[in-house]
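There are 4 protein chains.
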Amino acid sequence: MTTHKPNSYFKDIEKIKFEGTSSDNPLAFHHYNPDELVLGKSMKDHLRFAACYWHNMCWDGADVFGQGTFGRPWLQPGEPMQRAMEKADAAFDFFHKLSIPYYCFHDVDVAPEGHSIKEYTENFARMTDVLEAKQEETGLKLLWGTANLFSNPRYAAGGATNPNPEVFSYAATQVMQAMNATKRLGGENYVLWGGREGYETILNTDLRQEREQLGRFMQMVVEHKHKIGFTGTLLIEPKPQEPTKHQYDYDSATVYGFLKQFGIEEEFKMNIEANHATLAGHSFHHEIATAISLGIFGSIDANRGDAQNGWDTDQFPTAVDELSLVMYEILKSGGFQTGGLNFDCKLRRQSSSPADLFHGHIGGMDHMALALKKAAAILQNDFLAEKVAQRYAAWSLPLGQSIMSGKESLASLAKLASTNNFNPQHVSGEQELLENKVNRILFG
Amino acid sequence: MTTHKPNSYFKDIEKIKFEGTSSDNPLAFHHYNPDELVLGKSMKDHLRFAACYWHNMCWDGADVFGQGTFGRPWLQPGEPMQRAMEKADAAFDFFHKLSIPYYCFHDVDVAPEGHSIKEYTENFARMTDVLEAKQEETGLKLLWGTANLFSNPRYAAGGATNPNPEVFSYAATQVMQAMNATKRLGGENYVLWGGREGYETILNTDLRQEREQLGRFMQMVVEHKHKIGFTGTLLIEPKPQEPTKHQYDYDSATVYGFLKQFGIEEEFKMNIEANHATLAGHSFHHEIATAISLGIFGSIDANRGDAQNGWDTDQFPTAVDELSLVMYEILKSGGFQTGGLNFDCKLRRQSSSPADLFHGHIGGMDHMALALKKAAAILQNDFLAEKVAQRYAAWSLPLGQSIMSGKESLASLAKLASTNNFNPQHVSGEQELLENKVNRILFG
Amino acid sequence: MTTHKPNSYFKDIEKIKFEGTSSDNPLAFHHYNPDELVLGKSMKDHLRFAACYWHNMCWDGADVFGQGTFGRPWLQPGEPMQRAMEKADAAFDFFHKLSIPYYCFHDVDVAPEGHSIKEYTENFARMTDVLEAKQEETGLKLLWGTANLFSNPRYAAGGATNPNPEVFSYAATQVMQAMNATKRLGGENYVLWGGREGYETILNTDLRQEREQLGRFMQMVVEHKHKIGFTGTLLIEPKPQEPTKHQYDYDSATVYGFLKQFGIEEEFKMNIEANHATLAGHSFHHEIATAISLGIFGSIDANRGDAQNGWDTDQFPTAVDELSLVMYEILKSGGFQTGGLNFDCKLRRQSSSPADLFHGHIGGMDHMALALKKAAAILQNDFLAEKVAQRYAAWSLPLGQSIMSGKESLASLAKLASTNNFNPQHVSGEQELLENKVNRILFG
Amino acid sequence: MTTHKPNSYFKDIEKIKFEGTSSDNPLAFHHYNPDELVLGKSMKDHLRFAACYWHNMCWDGADVFGQGTFGRPWLQPGEPMQRAMEKADAAFDFFHKLSIPYYCFHDVDVAPEGHSIKEYTENFARMTDVLEAKQEETGLKLLWGTANLFSNPRYAAGGATNPNPEVFSYAATQVMQAMNATKRLGGENYVLWGGREGYETILNTDLRQEREQLGRFMQMVVEHKHKIGFTGTLLIEPKPQEPTKHQYDYDSATVYGFLKQFGIEEEFKMNIEANHATLAGHSFHHEIATAISLGIFGSIDANRGDAQNGWDTDQFPTAVDELSLVMYEILKSGGFQTGGLNFDCKLRRQSSSPADLFHGHIGGMDHMALALKKAAAILQNDFLAEKVAQRYAAWSLPLGQSIMSGKESLASLAKLASTNNFNPQHVSGEQELLENKVNRILFG
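Residue numbers (my numbering), protein chains in the order written: chain A, 2 to 445; chain B, 2 to 445; chain C, 2 to 445; chain D, 2 to 445.
Hints are computed from structural coordinates only; laboratory data are not their basis.
We put the beta carbon where it would ideally sit given N, CA and C, even for glycine.
The reader is advised that the hints may include incorrect statements.
Some chain A residues well away from chain B (every beta-carbon gap over 12 angstroms; in silico) [said to hold, decoys possible]:
#: 1; residue: 11
#: 2; residue: 67
#: 3; residue: 90
#: 4; residue: 137
#: 5; residue: 338
#: 6; residue: 425
With a cut-off of at most 25 angstroms between alpha-carbon atoms, the simulated PhoX-like pairs for lysine-lysine come out as follows [as the list claims (entries may be wrong)]:
#: 7; chain 1: B; residue 1: 246; chain 2: A; residue 2: 388
#: 8; chain 1: A; residue 1: 119; chain 2: B; residue 2: 408
#: 9; chain 1: A; residue 1: 416; chain 2: B; residue 2: 226
#: 10; chain 1: B; residue 1: 408; chain 2: A; residue 2: 226
#: 11; chain 1: C; residue 1: 408; chain 2: D; residue 2: 228
#: 12; chain 1: B; residue 1: 408; chain 2: A; residue 2: 228
#: 13; chain 1: D; residue 1: 228; chain 2: C; residue 2: 416
#: 14; chain 1: D; residue 1: 45; chain 2: C; residue 2: 184
#: 15; chain 1: C; residue 1: 408; chain 2: D; residue 2: 261
#: 16; chain 1: C; residue 1: 408; chain 2: D; residue 2: 119
#: 17; chain 1: C; residue 1: 119; chain 2: D; residue 2: 416
#: 18; chain 1: D; residue 1: 184; chain 2: C; residue 2: 416
#: 19; chain 1: A; residue 1: 261; chain 2: B; residue 2: 228
#: 20; chain 1: C; residue 1: 228; chain 2: D; residue 2: 416
#: 21; chain 1: B; residue 1: 261; chain 2: A; residue 2: 416
#: 22; chain 1: B; residue 1: 184; chain 2: A; residue 2: 228
#: 23; chain 1: C; residue 1: 416; chain 2: D; residue 2: 226
#: 24; chain 1: D; residue 1: 261; chain 2: C; residue 2: 261
#: 25; chain 1: D; residue 1: 388; chain 2: C; residue 2: 228
#: 26; chain 1: B; residue 1: 416; chain 2: A; residue 2: 119
#: 27; chain 1: C; residue 1: 119; chain 2: C; residue 2: 184
#: 28; chain 1: A; residue 1: 408; chain 2: B; residue 2: 119
#: 29; chain 1: C; residue 1: 408; chain 2: D; residue 2: 226
#: 30; chain 1: A; residue 1: 226; chain 2: B; residue 2: 416
#: 31; chain 1: B; residue 1: 416; chain 2: A; residue 2: 261
#: 32; chain 1: D; residue 1: 388; chain 2: C; residue 2: 246
#: 33; chain 1: C; residue 1: 226; chain 2: D; residue 2: 388
#: 34; chain 1: C; residue 1: 119; chain 2: D; residue 2: 184
#: 35; chain 1: A; residue 1: 408; chain 2: B; residue 2: 226
#: 36; chain 1: D; residue 1: 408; chain 2: C; residue 2: 261
#: 37; chain 1: A; residue 1: 408; chain 2: B; residue 2: 408
#: 38; chain 1: B; residue 1: 119; chain 2: A; residue 2: 184
#: 39; chain 1: D; residue 1: 388; chain 2: D; residue 2: 416
Isolated chain A, as found in the complex (with noise of 0.2 angstroms):
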């Protein structure tokens, strides 16, 4: 790979390098700089980039109106496992040349899923070998890795949730090849994303059912992870729609709520998705700021969603001001551990070119690059933990501590309130007062 593969796909794009905010090049990064120090932890340290392989390398452009625009050589028409071949061959030449430090795949991405489970079995085994030999050569280190269970018709239903107990089985068998795979090739996480975990109907469904199953499915995986000692985090993968009518993981908070009830909170976080948590109504800042709340954030899938359009559009992250409250929070909680930052982005349709792959990916790079910078600015005068620490204060006094520590009842407070007569005043929250302070970091 460190070879420049004269006919590639990518022939006429060079390895990406920062060039700084003077370049003109658009194929340079002008903010992300891998080993720049910010805050005393190197960008690619704090970043932690992954590419996907497949809205990159498994779509062609299609849509639910249309064929594919883009023309991917190793998508046509030909001999399954020698299109993989040619797939992990294109996949880590643009990873490489990208410059981004991992990746994240679904088993059925990187290996054809066969007719049967020995088919499948067989083809994924061989592919893990191949991408062990390319992690080996470039570099590049595994994220994460994942199974699909929705596109084959069989999940049609759902795979965990699916009223038949085969389908279930059937879905074991891909999560446990694909933790064993992730394991093998030194994956840092293993991602659950329940793509049809949901219903179509409630008319023909039966919801504690099918919560019983997940949550037990669930326990199985926690209970694989133990036994074959893989180190890495469990992340949960919320979407409230999409491909189903509702899905079980609707939110971050909906999920904490499942993890608790099967006793395996301390097992899962969460990997949060920019355009899920629009779906969800909530802005990412949200879903982030409750997972780090919950105890539970744990990684990132970072895209966007258009704010007009109710599907998942899962464009390149452009909002560096969303981005910069983001990576604020997250810096605050102590960064990324096991977690990234993973491009789980798509191409407009009409970005038909191998450059614009690139071009998504360095716009994406450059804009969570500078979030970071801009979010290392806010902590170093951090004057929105100065303004949620006095606009809590009260809780420190005897009062506030007496309340949480569990020493005062309605009653006592009401006897309180009621003989010092109680009359307090609200304060100004400075909501306007704080976006201009923000927005005065974000733009100088």
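Got chain A; can you put chains B, C and D on it based on the hints?
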């Protein structure tokens, strides 16, 4: 109350009676026949209708863009306690003429809040006496009481989640008074709706701290309930936003996680409001079925939103199709226990005549009664339950039982699937067929 | 087609017949009785039902997250024209057994598009012969034809609004062929839906230029219609977005302004789709009533969206309440002229059996028939029209007439108002009363 | 107004000055430097900022769920004209200290509406004198005036679209008075916002009749403008809903069709509000670009909505990225003529200190100034215009010109395409590349 008040605001309205479907009288029930038996229980006992004090008696038709249009006499300027008495007269005259068995109120709906805790307490105590007398006189019962922790400016930044512990204490005072009054008036439930328990901007908010405050507050509510021997049900009413940007009691699934965190999931049920469900991105049917599946369903605020308008329109329920499915879920789960159907509904601002208050409620009661009859009709030959039973049947067979009993692992299932070469095929979910069958019952 | 094909895909389905509400047969009509008279006209002539080629015959159940689940034999790999013939056999077998009088198609639904304009033209001509023969054989008629200007990659940036005039010319070629075929097959309308006539990003888009292109294109369509003597109606189908970020034919009101700008408002009517209305932020009822009020109502794509999902779900219509109001508006305006009710509906992806195609349409037809009967019932004692007449009655009195006839100015009215000390009071709009009355007709 | 009032409500605030980006003073401008030249014109002349009377001076922080939190002294109970005088004092003190060149008002913002047309007229006349004196004293100018046809209960069912012609006449009276006052005060525009010109339910509404009324009303406004010689611009402000279920002036494209129908498209421009755009399902950028492309762009109500809340939150604009694109469109189209940037913004209800009013506006002005500078930076090396020019270049070549000049027909193009075997290929739209380039200018 049994005598007709010649000068009352509702003097032109007679007590509403059941006249059946052949009657053309708009001021009569056409479907709600209180003592008619449905599945062996009277409609009245099934439906447990309540009217609310706030929208009917405390709102004059004002909205954000305009002044009141209703001209209710008891809302004109005047001596507050005198006006509160007139309001109570009008309220009970209205409830009585509406032939509704229950009502609901906030503390400050019925009594002036005064200018101090002392005045608040005295006013509320006097009005509790008045309500008690009126209940006795009319036979009306209290479905639930609650405290308003959102209208007074002191609650601009929340009640239990306020940065100021004195506001928390004020909120505790009101809730204690309202719980005590609810107990004294024989209320069958006590409701907590977190009007401003949420945030306007994350910039000045400590999510974890506010959640801890809310958790402690709810624990105090539980402790007080047991201390005073209140035997009714504690209810939390989820709502996702409005008035705040985001409210912590977003939806049933979110509240479930909250209850689990603070160890109070056995102490609370949900009061589900239709319009809150839709603001949260769910159907009303979804929220009901979800709460039932989690074992936390309690009561209903029956109304509807507008599918095109993004705020709480609180319209009277008219969608018999969805209401029938809601009643089907409730009947299947055993029916209301202490809960009931409270009309948390506002007239449209243009519906300015006294009769409109009756039209709204008569429609609401008739549509719910229709929904009850339709639900009973589904239950009597329950093709939905049959479909569900058949669809999940395999979970009662050995493989399914082995999985759910915890005997299987990912590895054991993978081995089984591989050995037996599982190749499960999707079976039609028959959604369209089920929808047709439901509609044939709805429309005869 | 009158003989039963023993090996057809639909071999287990008999021709669907009306059996009335007492029948339990799900493969029968319970309300749609083609020759039953409603307000003196047969249901068949009122409703003018059509089934579509695309969702029924060209879609195999794939969505963005998964492969097809239906397994239609004619969609398997094979020689394109052979498959097109098999598809036509299946289509007409289906239409015939469904007892539906009309169908609709896109050019490339019925014929392979080939690899050149020549192949496209020849394939389409051959299949037009086939369709003509099948129409004759079965008595089926064509409600409308159209051309697909959105699926082929050449249309990624639009058809008429494409930056490349050669694409515009290709689009013109297809529309000409499709209009000619529609005329030859006796089609009663010709539809234009601007699948990708919109933008993905304003950054690379010249809104004015694209609008001019679309305007000129539509003028050409009008000119061609007159040139070939097509006597059917030209229809534009509004949709706000999807697949593009924004589509120029956003809704009826938007299209009206477009038609006025290019002087073609007398030449086009609207084909209103329910799910497109809701994606545009309107109710279906709104779009129908608006188009009628602007004099541009033409035809309907009957389906429904999901109130919680933000994309075009194209479900079969079930909401008899709203459908009744839609039929009421249409009946009041004189009923369909050349238009009709086309089911632009997709099965749910889980509804994978051949029978499901029938269940979907039987439900759709029965629900529209019910809506027709309910609408007729409202009309027979039209309290809605009466309320409206009474509400606006003053506009027929001298002041109202003087204003509307253009005799008054702001100044003359100000003088009149001041001299007479006008103090008009709001009168109740009685919305709840009207809603109750409508529901009493809907539910008896 | 040039002297400092020691007891004014804003006594702690000094006149806001430009201090540049290095200043830490939150009560200073950091980007808005009125006389700084951008593209050869002063910021002040580019931006034409206005503050509004209503949100700043007439609103006390009440919302649907709670009482006012601001405690503005001039809004306390008192003699109406006395309070109006105090309000005007506070308003001009505020405007002056804010260093904003323009203001805007509704008739009843500035004068008590009284209890009759006579009182209304007299009060408004007296307050117009007051405003005139204050304008002279301070140098403040009027960007636009308007009339409030939605707050008084008489307008519950609309102003111009009311079923009662006397209400129409009352509305005409107010608009005449407000237009006359606007002319006298040197207002540069006159705005019409149809607060309740829409419907609550189609059941009681005659859409065609109401549209005709609105059309005639707007024609009268045009006639009156010419009669009195008002040389400013007439502006319509689109909004899709709220307070009504649906408003007729839904968005720019809808209003364009309305203007065309009544032949007044040359007489009106649009006053585009950001939050109204988003409520209508559009981006702010879209509405601006659309109005410009239709030749009807006039002025802006600068604010923003909340992407997760479905009502008009009217927050101060902070999104410099979108604002830059908006300013880019405006600069490219020649800049504001008579229009300007009015802050139709509300403080958050928790922002209860006098200083918050300044923080909101300072932020708004600074963010718009930043947007102006960023837009100018794009224009100076306009890669967006370059991309657009190159993308549509073929429309200037023979085929494109022939099509647009009307020389071609569907048939002539089909022949050309067939003869030349057109096979046009999609070319990348490079959306991600353009987004990156824009962001590099936004963030340096």
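Hint check results:
no. : hint            : in the structure
1   : 11              : holds (37 angstroms)
2   : 67              : holds (26 angstroms)
3   : 90              : holds (30 angstroms)
4   : 137             : holds (27 angstroms)
5   : 338             : holds (18 angstroms)
6   : 425             : violated (4 angstroms)
7   : 246(B) / 388(A) : holds (19 angstroms)
8   : 119(A) / 408(B) : holds (24 angstroms)
9   : 416(A) / 226(B) : holds (17 angstroms)
10  : 408(B) / 226(A) : holds (17 angstroms)
11  : 408(C) / 228(D) : holds (15 angstroms)
12  : 408(B) / 228(A) : holds (15 angstroms)
13  : 228(D) / 416(C) : holds (16 angstroms)
14  : 45(D) / 184(C)  : violated (61 angstroms)
15  : 408(C) / 261(D) : holds (21 angstroms)
16  : 408(C) / 119(D) : holds (24 angstroms)
17  : 119(C) / 416(D) : holds (11 angstroms)
18  : 184(D) / 416(C) : holds (19 angstroms)
19  : 261(A) / 228(B) : violated (28 angstroms)
20  : 228(C) / 416(D) : holds (16 angstroms)
21  : 261(B) / 416(A) : violated (30 angstroms)
22  : 184(B) / 228(A) : violated (54 angstroms)
23  : 416(C) / 226(D) : holds (17 angstroms)
24  : 261(D) / 261(C) : holds (7 angstroms)
25  : 388(D) / 228(C) : violated (39 angstroms)
26  : 416(B) / 119(A) : holds (11 angstroms)
27  : 119(C) / 184(C) : holds (21 angstroms)
28  : 408(A) / 119(B) : holds (24 angstroms)
29  : 408(C) / 226(D) : holds (17 angstroms)
30  : 226(A) / 416(B) : holds (17 angstroms)
31  : 416(B) / 261(A) : violated (30 angstroms)
32  : 388(D) / 246(C) : holds (19 angstroms)
33  : 226(C) / 388(D) : violated (36 angstroms)
34  : 119(C) / 184(D) : violated (66 angstroms)
35  : 408(A) / 226(B) : holds (17 angstroms)
36  : 408(D) / 261(C) : holds (22 angstroms)
37  : 408(A) / 408(B) : violated (45 angstroms)
38  : 119(B) / 184(A) : violated (66 angstroms)
39  : 388(D) / 416(D) : violated (31 angstroms)
The structure does not agree with the numbered hints 6, 14, 19, 21, 22, 25, 31, 33, 34, 37, 38 and 39 stated previously, though it agrees with the rest.
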